[in-house]
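Taken in order, these protein sequences are the chains called E and B.
First residue of the first sequence? That's 1 in the working numbering, and the numbers climb one at a time after it.
First residue of the second sequence? That's 1 in the working numbering, and the numbers climb one at a time after it.
What the hints contain is simulated information worked out from the structure, not anything from laboratory work.
Certain hints may be false.
Said to hold, decoys possible - Not the full set, but computed from the structure, chain E residues with beta-carbon under 7 Å of chain B:
(1) 91
(2) 96
(3) 106
(4) 109
Note that the Cβ used here is the ideal one computed from N, Cα and C, for glycine as well.
Listed below are the residues making up each chain.
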Amino acid sequence: DARVTQTPRHKVTEMGQEVTMRCQPILGHNTVFWYRQTMMQGLELLAYFRNRAPLDDSGMPKDRFSAEMPDATLATLKIQPSEPRDSAVYFCASPPFGTGGTEAFFGQGTRLTVV
Amino acid sequence: GDSVTQMEGPVTLSEEAFLTINCTYTATGYPSLFWYVQYPGEGLQLLLKATKADDKGSNKGFEATYRKETTSFHLEKGSVQVSDSAVYFCALANQAGTALIFGKGTTLSVSS
Chain E
1 DARVTQTPRH
11 KVTEMGQEVT
21 MRCQPILGHN
31 TVFWYRQTMM
41 QGLELLAYFR
51 NRAPLDDSGM
61 PKDRFSAEMP
71 DATLATLKIQ
81 PSEPRDSAVY
91 FCASPPFGTG
101 GTEAFFGQGT
111 RLTVV
Chain B
1 GDSVTQMEGP
11 VTLSEEAFLT
21 INCTYTATGY
31 PSLFWYVQYP
41 GEGLQLLLKA
51 TKADDKGSNK
61 GFEATYRKET
71 TSFHLEKGSV
81 QVSDSAVYFC
91 ALANQAGTAL
101 IFGKGTTLSV
111 SS
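Chain B with its partners taken away, still in its complex shape (with noise of 0.2 Å):
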């Protein structure tokens, strides 16, 4: 079936610094694909999206293309700072595209 693998946390990054957590799907088709953030205590939010290939997702500095060819969607951004600690969950909408699959989730930890 369908699934999302995401690279094991946790990274631990200093402020600045460039960060890439990597994600790879495979599933039937071309599903939509999604960031998830998880901060401390609280539920998820929706982070950014991509509907279809070579699409490209952004929003607070993180972003991700849809690549096919590789099927990846690898989580960016140029300088992460302390308030992007949280846990990043890559997910891909099931074949129904009623609901998601979520990766293992990815622990970010960045200290001033």
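Chain E extracted, bound-state conformation (with noise of 0.2 Å):
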């Protein structure tokens, strides 16, 4: 059952702190997505890789945030220092080869409440 895995599914943290998302895309998939949803903008691209290397993080802010893909089998999103205004469902996804990133399978979420 191939799945595009994000843990943890919940985090509430502390201002301030540092919040670490994980994502497992789909094996042989090259190319992953990071979307955070929220009630007021609905859901905003903040990056995305393709063979590891960073294609386009525009839209994330670079002072607190960072994506990182070590492998082929792992994706982070990092928040330091996270804020209040950070709370959000943030969803990775990962398309199959050859579809672009317009066809992808997203994982379950990670549900960030920063108070």
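Got two chains here, separate frames each, mind docking them using the hints?
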């Protein structure tokens, strides 16, 4: 059963703490996307990687957010320091090879609450 | 820039009712269009797509037709079920065709 796995599913943290969210893409999918979902903004693209290299991170606040893909089975999104406005659901998605980024399989998301 | 506008929800229907969720887009050129569905507690799943004008995407009884004259991609289903209760997102491919631009989503609630 091929699926994108995200951990943790839920995270509550205090303002100023570092948060790390992890994503295991579907084996063989070489592209990984990070999206953020909030009530106000809806779904926003933060960053995406292909073959572990960042292709576009223009949607990500650079001062506190960082995204990496240390190997083909793991992508990470870090926030340091976290702020209450970062509270959202963060989704990782990986599309099959040859479909670009538009037919993506999404993980179940990490619901982040910063208090 | 490119954008997607969906009708605001929630949409509340009885089982077997007809469903329409409106979606219009603003884009340069003719991007591929998509409907994604998000069930409670889950990530988004691709529901259907259309890649060029007049194409009709369909899946699980849902349909949407790519109308370039009206820049619309409305989602329809003839008879909804309780299991269709979810949030529906209209989306278009960005100009590079490498990522998605989503609408805000429309919540559908179907009661028996």
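Do the hints match the structure? See the list:
no.	hint	in the structure
1	91	holds, 6 Å
2	96	violated, 11 Å
3	106	holds, 3 Å
4	109	holds, 6 Å
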